[in-house]
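Colleague: Hints are included, so try docking the two chains, each in its own frame, into the full complex.
So the sequence lines, in the order shown, correspond to chains A and B.
Residue numbering for the first sequence follows full-length UniProt numbering, starting at 1 and increasing by one per position.
Residue numbering for the second sequence follows full-length UniProt numbering, starting at 1 and increasing by one per position.
Calculated from the structure, these hints are not laboratory results.
As the structure is a computational prediction, the values presented were derived from the model and not from experiment.
All residues carry an ideal CB built from backbone N, CA and C; glycine is no exception.
There's no promise every hint is true.
[To be verified] Under 8 angstroms between C-beta atoms, here's a sample of chain A residues computed to sit facing chain B: (1) Met-66; (2) Leu-68; (3) Arg-88; (4) Ala-96; (5) Ala-102; (6) Phe-106; (7) Tyr-116; (8) Ala-119; (9) Ser-164; (10) Glu-262.
[What the hints assert, rightly or not] Here are some chain A residues the structure puts well away from chain B; computed CB gaps all over 12 angstroms: (11) Asp-39; (12) Leu-141; (13) Asn-180; (14) His-209; (15) Ala-293; (16) Arg-299.
[As the list claims (entries may be wrong)] Listed next, with one range per pair, are the computed distances between beta-carbon atoms: (17) Ala-291(B) <-> Gln-32(A): 17 to 25 angstroms; (18) Ala-192(A) <-> Ile-229(B): 52 to 60 angstroms; (19) Asp-200(A) <-> Leu-31(B): 33 to 41 angstroms; (20) Leu-31(B) <-> Arg-188(A): 37 to 45 angstroms; (21) Ser-73(A) <-> Ala-42(B): 42 to 50 angstroms; (22) Gly-292(B) <-> Asp-200(A): 33 to 41 angstroms; (23) Gln-32(A) <-> Gly-292(B): 13 to 21 angstroms; (24) Ala-242(B) <-> Ala-151(A): 38 to 46 angstroms; (25) Ala-143(A) <-> Ile-229(B): 26 to 34 angstroms; (26) Glu-196(A) <-> Gly-292(B): 33 to 41 angstroms.
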Amino acid sequence: MGPVSAAETEVGGVDDPVIHTRALTKRYRGGQLAVDALDLSVPAGSVFGFLGPNGSGKTTTIRMLMGLIEPTSGAARLLGHPMPRAARTVLPQVGALIEGPALYGFLSGRDNLLRYDAADPTADPRTRRARVAAALQRVGLTAAAGKKARAYSLGMKQRLGLASALLQPRRLLVLDEPTNGLDPQGMREIRALIRELAADGTTVFLSSHLLDEIEQVCSHAAVMAQGRLVVQGPVAELAARARGRLVVTTPDTSEAARVLKEQGVADVVVTEEQVSGEPPEREPAELNAALVASGVRVRGFGVERASLEDAFVALTGEGFDVAG
Amino acid sequence: MSRADALPAEGSHAGRTPGPLWSLGLFRSELVITLRRWRTLALLGVLAVVPVLVGIAVKIETRGGSSVGHRGGDGPAFISQVTNNGLFLVFAALAATLPFFLPMAVGVIAGDSIAGEANAGTLRYLLVAPAGRTRLLLAKYTTTLVFCLLAALVVAVSALAVGALLFPLGDLTTISGTRISLADGLGRALLIALVVAASLVGVAALGLFVSTLTGSGIAAMATTVGLLITVQILDQIPQLDALGPYFFSHYWLSFADLMRDPVQWDDLQRNLGLQALYAAVFGSAAWARFAGKDITA
Ligand SMILES: Nc1ncnc2c1ncn2[C@@H]1O[C@H](COP(=O)(O)OP(=O)(O)OP(=O)(O)O)[C@@H](O)[C@H]1O
Ligand SMILES: [Mg+2]
Chain A
1 MGPVSAAETE VGGVDDPVIH TRALTKRYRG GQLAVDALDL SVPAGSVFGF LGPNGSGKTT
61 TIRMLMGLIE PTSGAARLLG HPMPRAARTV LPQVGALIEG PALYGFLSGR DNLLRYDAAD
121 PTADPRTRRA RVAAALQRVG LTAAAGKKAR AYSLGMKQRL GLASALLQPR RLLVLDEPTN
181 GLDPQGMREI RALIRELAAD GTTVFLSSHL LDEIEQVCSH AAVMAQGRLV VQGPVAELAA
241 RARGRLVVTT PDTSEAARVL KEQGVADVVV TEEQVSGEPP EREPAELNAA LVASGVRVRG
301 FGVERASLED AFVALTGEGF DVAG
Chain B
1 MSRADALPAE GSHAGRTPGP LWSLGLFRSE LVITLRRWRT LALLGVLAVV PVLVGIAVKI
61 ETRGGSSVGH RGGDGPAFIS QVTNNGLFLV FAALAATLPF FLPMAVGVIA GDSIAGEANA
121 GTLRYLLVAP AGRTRLLLAK YTTTLVFCLL AALVVAVSAL AVGALLFPLG DLTTISGTRI
181 SLADGLGRAL LIALVVAASL VGVAALGLFV STLTGSGIAA MATTVGLLIT VQILDQIPQL
241 DALGPYFFSH YWLSFADLMR DPVQWDDLQR NLGLQALYAA VFGSAAWARF AGKDITA
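The shape of chain B in the complex, shown without the other chains (with noise of 0.2 angstroms):
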């Protein structure tokens, strides 16, 4: 038996004090229980099999020798070279994914991360634990983004297993036609789902926030996933131009420029900046929000 367990309700109670890694605890229980939701699995399982479905249905449609290309260059980027290299296809699924899969899923994540907790009760006695309000949000919001990492690499390595299977591996050629070595591909690779990962960052923070303000999961989660639409399809509409640059989304497919040769650093700047802003923001409001809420539920 442990030594507080020995003790009788006094003295021992009282010297209590936070340990100096006070937040790691919580962040770590916090990861292990989003891992273990049926729902974020389901989540990642989807984005593991678009990889797969691009793959097979590039090969299906190349099997009689011709290029996807033919076509005429629609579809996600890059698709066409896949035949050529399969390490291509790591790109061509992030870029299928970015628009919608990967910030659905984490739009789901970080609405349901305080609306859930609230949705079934436990966060009241997260609180009275006490958890602390800011402590908790901070490890919701980092656990979000670690799930961001994730699901970026899940695609990444999804896409690199059957790229791998289903077409030759070799020196690449990039957008500028240089070629580039296998090392070199694989290296910006990562480096692009990194920056994928890091585009979802604003995305997570609007969830966070939706989140704190509803006591219904679902509904924290159908909310951000609806504003995730909408701001993609206005930042189709050509009279909202000028808008553009604010919306999340704007920068978004600015990845590709890291397989330019040299990079073109520019639009990728701009994305992490309007990410960063995102997150300041919306994090700056999801702690307004939380730190005075009355917790009912």
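Same shape as in the complex, but just chain A (with noise of 0.2 angstroms):
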């Protein structure tokens, strides 16, 4: 998670949260509760993982955050400011991609971003051009520029949408599920672009369902099931709170099961060729000579670090599924 920690120190005035929510709610008109008395912090600099299964209430926080929605009850604050009131003073700091790209079909690439930065009225238009240009450049898009967005594939509408978060250098950048759709290599370059605007200091808040690649670039993660905050903090104390599973591989597996019980494991699973649980508050090395002593033919011996798919399921009980 190094990233950040550098800019972290950087940035003016970090002490305040980037976001902070504070019992944010929100009750759809249908009476659907999607989001329920959150409290979010992001802290400056971070690169901000949001986590949760289909429909958590991801995309209505940030509809929230971004001003697009009233909340139902509860309080918002973007950089500083409170939302939806101070959108005309905040959100030109603002960079989001929220909920997949939306595009004129009948406009080119570049038509599409000269259409998103004539809205915003602290853009200036006799840089226009150019920042555009260089959007376009920062996606790998510069090629298809001049192609109507209605030919583009859903990878490069994505690309789309992400240079026009990236039209005017922002403070934050509020991007829900943006590696939706593309290919290994894109999802790459995206990451890295994230990594790469995280060094210059902007804060990421990035929603996902995909924990490795929250693990891969985030500093701080939450995690949400069924519009309540269940974590938020550090990502490496998120997924140091889930531990790794004792994985022992020995074609004996029945002796080997029973002898790891007899010592206190927990949750012994038996596969082919492999015995593994929960291991218990002691030296591991201590199982491993248990084992040798019973006459179990040891192949391998080791603990599985914890990633934080472990850490979400130990934290919401669950997978990944849909909650009515």
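Modeller: So, in structure tokens, the structure goes:
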């Protein structure tokens, strides 16, 4: 989680969180409680992963932050200003990709960006063309800039959407599933871009389903489930909460399982060549010694590092299923 | 590379303030985008074709030397005069398109203005740009008004061209029977085109309001055009006479009074006043609706 820590000290007025919500709640007109008393705090300079299963309220939260919808109750502050009241002063400093890109199909990629830039009253029309060209360059679309957006592939649209968020230098980028639809190479490029932006001091708020994506680029993360915040904090801390699993590779699986249970290993699972379980709070080497002493032929022995996915499952007590 | 690019994320963005002409850029972009839509061009194309059809029809019907007026003055106003003077085709074409084609075209553009952007999802990106809801609505409405003007001018110019091509041009006789010069006639034609454009201001506001109510461009367009037809039918029902003066289309054909000598201003003024009232009422309603609306599309 290195790339951001340096930036953290640079940005002025760092101590204020860039995004801060208090008891933020949204109930849609249909009666659906989409976000429930959310207290979110995104530190300046962080790359903040916003995780949650489908329908957990990520996009709804982002819409409230960007002033597109009015919270039912609670308050949201963006860059220290209340939203949606301060939209006009705050939003020029915020780039956003919300629920995928939306483009004018009959305009070229370049003209789409010119259009969005013209909508920003603080954007200087004299530098417009240059800034559009730079944004296109940044997302690797220069060659396709003259093509009608209708003829863009999903990934190209996604890139163009990102480019529109990068038309100005921003203090905050809010990206709702930015790698959706991108090929692996595109995903890597976007991740590199995010790291680059973060190194410049831009705070990045990134929603995603992809745990490993969050793990790779984010310094902080929050986990949502059914509209409620389950946990938030530095990624390293979150991952540390889930303990790793002990994995023993052996041909004598049943014997190994018996010994491990005896030694206090919980949730023992036997697969073809492996026995795994939750290690007890003691030196793993003792377990190994016990196995060997019982004549188990140990071919491999180790503790698998906990991933954010383990943390997620541990925290939500479930997988990635949609809650009704 | 521009100055803005070269600077790191710090400082440069903090002090950006809207320029003095903060609304102009958006309005221009709006206008350009509207005119680049295939749909807009098709509507203007249809409007340009109507005078051609009317002109050719009149030409064919009068080929034997008979006059259209013989059939007893039915059909659009002014049509009987076209054979004598091509300039009358301008008035005839405007009279023929004002009840339906022109307001329908305006209804399509106005109805699509907000709802179409919501439908495409582009509305959310305009709003986070941030275009500002009031500013965006103003830009949309102004663009629709420009389209009204453009549409009326397209009909007028096409009619003038066809009229000049198929029929003689020259001094003309007003409805009151006095004669005015061709130059004076052209001036009045322009004035009439402007009044026809102004007659569409009410429909434009109505369409804008409808557009803020739904997230579907097609639904908004259909509703606006439906309302247009309904109002015109209601205006024909004798039992509803008391309401008549409040229907936006009630005084539309008053533009013919500009061809009197001297001009009779009463109905013209009522028309313009009514359009202003519609613009105020439905403009405010659109603003009230749009300013606080949840944009989830
Ligand atoms: N416009 C709307 N009207 C009513 N309910 C809505 C609306 N948009 C979303 N919801 C509901 O609100 C809840 C949260 O939706 P939201 O889009 O915020 O989820 P999400 O976390 O972004 O999901 P995903 O990962 O699929 O993008 C869902 O139960 C959804 O059905
Ligand atoms: Mg979402």
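Colleague: Kindly indicate which numbered hints from before are broken by the structure, ordering the numbers from low to high.
Modeller: 10, 24, 25
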